[in-house]
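Fit chain Z to the given chain E structure using the hints.
Sequence lines, in order, name chains E and Z.
Remember, the working numbering sits 1004 above the position in the first sequence when you count from 1.
Remember, the working numbering sits 1308 above the position in the second sequence when you count from 1.
Fair warning: there could be bad hints in the mix.
[Claimed, not checked] With a straight-line Cα cutoff of 27 Å, these simulated DSSO-like cross-link-like pairs (lysine-lysine) come out: (1) K1331/Z / K1143/E; (2) K1329/Z / K1143/E; (3) K1407/Z / K1348/Z.
Don't read these hints as lab results, they were simulated from the structure.
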Amino acid sequence: MKRLLSIFFFCSVAIDTFSQCTIFTPTISLGSNSISASPSFLGNRIGSDRTPELTISSGTLTISIANSNTCSNWEVSVVRDNTINTDLRLYVIRTSEGIGAPDSSIEQASLANYVEITTIPQTFMRGVNNRSSIQISYKITGISVNMDASRYLSNITFSVIGTP
Amino acid sequence: MKFIKAIVFILIQTACFGQSKAKVSFSLYLADVATIAVAKSNTTTNFVGTASSLAGSALTFSSNNNLWINFTSQVSSGITRNITAQITSGSLPIGTTLKLTLISLHGTGSGTPGTTTTVPITISSSPTIIIRDIGNAFTATGVGNGYNLTFELAITDYSQLRSGNTSISITFTIT
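Only chain E is shown next, with the shape it has when bound in the complex (with noise of 0.2 Å):
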């Protein structure tokens, strides 16, 4: 307790000292916390490959970014655990500039590419201030009838942090 109230002051301490903003920890939560995929095929399933490559996109997929300020930088960086068939990539794109206030924003290099999650941290979108209901697309590639028949899990981790 005696340990919270120190770093409790040391940091209105330090924003008072350093800066003209007021505490925040940026938190980030999602539309969705689970989702599922199951390709088709190529054609007529007889004789095909299953689609190599499927996007998912729904209105419940979103991130949103609160407890943050004008002043308040912030990135999201998203990474996966390792539980994943090699062969599968996956990726996310941001599709829309969400909600906020005017003086919020976010950064244009998200909308325009897609960034592979791995199994280390990828920067995905940077911004200022709250914003809600930014939508997110999935892809993955690598689908084939060459795997097995199988459910393939892996767990993505969206992480955002306050930057000066």
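For chain Z alone, kept in the frame of chain E given last:
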């Protein structure tokens, strides 16, 4: 003193600008698949016995290699499939036998398409394995892809042969 201030600032910054995480579980389901088809728009094959003009020569039937087997197979780890052929309706004319020869995989498919034998296989009313140990594979679709089938009707006993028309159906099954 400045050095200490800097360290304190970094420590405070770390404590203040914390990290928040959100997890999502991803699931891709690839179900078992076993589909098969015989490729050719008209899969009726006719065998007409013709006799040479030379008296005393044997009756012959032309062979047919217009048909192809296309399939897709996706199996769980350690599982394999076979393809069988059997006569499921009608009977061969008495005194004849139907032989099937497969020519191994052609076309643009990939995977583990199984193995077959180059020896002609006798097709009867009982299921006979014609391709075995198929794993995860697809043959591509249509004529020219998959296994080519060559049917030959052979006479085994002239004494029982009678003139007439006979129809049979052959069913291919992937299991």
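Each hint, compared with the structure:
1. A distance of roughly 17 Å separates the Cα atoms of K1331/Z and K1143/E; the hinted pair therefore holds under the 27 Å criterion.
2. For the suggested pair K1329/Z and K1143/E, the alpha carbons sit about 21 Å apart, so the restraint of at most 27 Å is met.
3. Of the pairs offered as hints, the one joining K1407/Z and K1348/Z holds, with about 19 Å between alpha carbons and a cut-off of 27 Å not exceeded.
When held up to the earlier numbered hints, the structure conflicts with none and fits them all.
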